Amino acid sequence: MKPFNLIIIALICIAAGLVAPATAGTADVVVTSSTIDPPVLMKGDVGTLTVEIMNNGAEPVAIRNARLYGSGVVALSDAYPSVGDIGAGTTKTFTFTIRADGGEGTFYPPFVLDFQNGGALRYPVPVQVEDTPLTASIVGKPDAFTEGRRGDVTIRVGNPRPNTASGVQVIPQGTGFSATPSSAFIGALTADAAGTAVFNLTPEDETDVTFRVLWRNGINTHAIDVTLPVTFGEDKRQADLFVTNVEVTPEAGGYRIVGDVMNAGLESARSVLIRPGAPATPTDPFRVYVVGTLDPDDAAPFEVTFRAERDATTIPVVVEYRDDDGNRYTGTTTVDLSGTVTVSAGESDEGIPIAGIAIAVLIAIGIIGAIYYSWRRK
Amino acid sequence: MNTGLLRVLIDPGRFFEDRMQDEPGLKMPALIVLIYAIISAVAAALMVNVIIDILPAEAQAFAVFGIAIAVVGALIMGFLTWIVVAAVLHIISMLFKGEGAFTRTLEFTGYAFLPQAIGGIIGAAFSYRIISGLTIPVVTDPEQIIMVTEALAEMIAADPLTQIASLVGILFVLWSANILIFGMKHARNLSTRDAVLTVGIPVALYIAYILITLLGLIP
Numbered sequence: 009m010k011p012f013n014l015i016i017i018a019l020i021c022i023a024a025g026l027v028a029p030a031t032a033g034t035a036d037v038v039v040t041s042s043t044i045d046p047p048v049l050m051k052g053d054v055g056t057l058t059v060e061i062m063n064n065g066a067e068p069v070a071i072r073n074a075r076l077y078g079s080g081v082v083a084l085s086d087a088y089p090s091v092g093d094i095g096a097g098t099t100k101t102f103t104f105t106i107r108a109d110g111g112e113g114t115f116y117p118p119f120v121l122d123f124q125n126g127g128a129l130r131y132p133v134p135v136q137v138e139d140t141p142l143t144a145s146i147v148g149k150p151d152a153f154t155e156g157r158r159g160d161v162t163i164r165v166g167n168p169r170p171n172t173a174s175g176v177q178v179i180p181q182g183t184g185f186s187a188t189p190s191s192a193f194i195g196a197l198t199a200d201a202a203g204t205a206v207f208n209l210t211p212e213d214e215t216d217v218t219f220r221v222l223w224r225n226g227i228n229t230h231a232i233d234v235t236l237p238v239t240f241g242e243d244k245r246q247a248d249l250f251v252t253n254v255e256v257t258p259e260a261g262g263y264r265i266v267g268d269v270m271n272a273g274l275e276s277a278r279s280v281l282i283r284p285g286a287p288a289t290p291t292d293p294f295r296v297y298v299v300g301t302l303d304p305d306d307a308a309p310f311e312v313t314f315r316a317e318r319d320a321t322t323i324p325v326v327v328e329y330r331d332d333d334g335n336r337y338t339g340t341t342t343v344d345l346s347g348t349v350t351v352s353a354g355e356s357d358e359g360i361p362i363a364g365i366a367i368a369v370l371i372a373i374g375i376i377g378a379i380y381y382s383w384r385r386k
Numbered sequence: 109m110n111t112g113l114l115r116v117l118i119d120p121g122r123f124f125e126d127r128m129q130d131e132p133g134l135k136m137p138a139l140i141v142l143i144y145a146i147i148s149a150v151a152a153a154l155m156v157n158v159i160i161d162i163l164p165a166e167a168q169a170f171a172v173f174g175i176a177i178a179v180v181g182a183l184i185m186g187f188l189t190w191i192v193v194a195a196v197l198h199i200i201s202m203l204f205k206g207e208g209a210f211t212r213t214l215e216f217t218g219y220a221f222l223p224q225a226i227g228g229i230i231g232a233a234f235s236y237r238i239i240s241g242l243t244i245p246v247v248t249d250p251e252q253i254i255m256v257t258e259a260l261a262e263m264i265a266a267d268p269l270t271q272i273a274s275l276v277g278i279l280f281v282l283w284s285a286n287i288l289i290f291g292m293k294h295a296r297n298l299s300t301r302d303a304v305l306t307v308g309i310p311v312a313l314y315i316a317y318i319l320i321t322l323l324g325l326i327p
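Which chain is which? The protein sequence lines are A and B, in order. Taking the numbering used here, the leading residue of the first sequence gets 9, the next gets one more, and so forth. Taking the numbering used here, the leading residue of the second sequence gets 109, the next gets one more, and so forth.
FYI, nobody ran anything at the bench for these hints, they're computed from the structure. It should be emphasised that the depicted structure is a prediction, and the values quoted were computed from it without experimental measurement. C-beta atoms are modelled at their ideal positions from N, C-alpha and C, and glycine is treated no differently. Hints are supplied without guarantee of correctness; some may be wrong.
[Claimed, not checked] Here are the in silico distance ranges between beta carbons for each label pair:
#, chain 1, residue 1, chain 2, residue 2, range
1, B, R237, A, T183, 19 to 29 Å
2, A, V369, B, L113, 19 to 29 Å
3, A, V298, B, I309, 49 to 59 Å
4, A, N253, B, I309, 49 to 59 Å
5, B, T300, A, A372, 21 to 31 Å
6, B, R237, A, G377, 21 to 31 Å
Just need the whole structure built from these sequences, with the hints factored in.
Set out below in structure tokens:
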């Protein structure tokens, strides 16, 4: 063989040796997995897409770049412009920040690997977008709200989404009320799970209370509101006090009212006080009568003493009590005085008559002096 | 010191000693008792006026009639009291072998009403103060009139000023008693001890009665 032929053969063998492994390796690179956080996006959510590839071949493969394409779901992060080699039997992950810009549904943005030898790997990654929010409902509230009276309100939050919602919390918002706690943390709600939050609500005015439910889908914060209109009404269970069996007796300086007070409600009345109201002036010994706690269907006797103007024909008997939360309630019963008459002293006549005592002392001194003088002169 | 009638208040011993030099005269004692009776009548009229105020307008036409009865009654009671007191003292003094005409006892007892006249003015002032502070309703029912009258009596009795007025009244009684001791000593020619006993026994009983009433021991 001629030397020239040997050189040609040698060059061909060298060239073949250089090209042959690369050509065989591109087929061995495969996408082994793709993950999205959060697994299901909502419209406008930002998430992370991670794609893992593996070189199943015996030789390393040179990769030029990696990109994510697609509409509906767009990549916010840049492509990988220069990836380099992926060794035989090794894996490599690519992470992209994506945003769901389209509507609901499942989108397939393609993941593309460009190899150094001009070949490419194209892999459509499924991305699910579902806009269903959490649900919130009021499952418990008082029969009626009363100004200043505390009532329990229970909010139930449910997760109809296919993925877990994290950091779920409920915050009451608005004016004209106070709530305890000021916010309630439920935490993570898995798919189809529900959690509850209980608030002690004390309204000061008629208002709308908005319970805002906040949660996170991945790094995206979402909120829904549920509104509770607060209008004042009569509590069907509250204590209801009646004054009965009233007997008015005139006595020196005023009147004495004896009667019974009865609780016709379904709750106990606490710190029950009974006193005569204006224009009557309470007098000793029973300016005010303290009954104490009056349970439902219980009755207690009372008596009050007071003075009234000469032309007074009726006076109010005021009944005060508190509920279990300490809220004060006042009721009035009008008592007729026209059938009774009495004599009453003026306001200025109360207390010790200092002037009268002084006059008496002066008179005593004068008389004792006169008597002493008369015996001295005897 | 000679200041006329007022001498009986502070120097009754000398006053009665001087009076014993003259014949018994009842004009001045009667005048003193009359003044005392008039003051009592005014106080009584004041009280009756209050009670009349309870009555309805048509019944108040009888107010003058009621007041007139009260005034006349008080005048009569004033003189009756004078005579009764003089008689009681005269009788008691007999136990101590007192000597002297009843006219003299009556005369000197009349002078002893002078502190009562002064006390009557002060008592009337106290009564007016007590009554003016009361609010008394107008009633039409006879039962209510009784009810209000009872309440009025309770109110007046319970008033601290009433108690003070009673104590002041006792002071004036003591003053009158002091004058009576000297009066009875001269009128009935008693020793000082016997005069004190003659006057002191009935006066002590009277004061005891007032105090017991004041303390509520007698309803």
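Hint check results:
1. Checked against the hint of 19 to 29 Å, the C-beta distance between R237 of chain B and T183 of chain A comes to roughly 60 Å, which is inconsistent with it.
2. The supplied range of 19 to 29 Å is met by V369 of chain A and L113 of chain B, whose beta-carbon atoms lie about 27 Å from each other.
3. One distance hint, 49 to 59 Å for the beta-carbon pair V298 of chain A and I309 of chain B, holds here, with the actual separation near 54 Å.
4. Between N253 of chain A and I309 of chain B the beta carbons are some 56 Å apart, a value that agrees with the proposed interval 49 to 59 Å.
5. Checked against the given bound of 21 to 31 Å, the beta carbons of T300 of chain B and A372 of chain A, roughly 24 Å apart, stay inside it.
6. Taking 21 to 31 Å as the suggested C-beta distance range, the pair R237 of chain B and G377 of chain A conforms, at roughly 25 Å.
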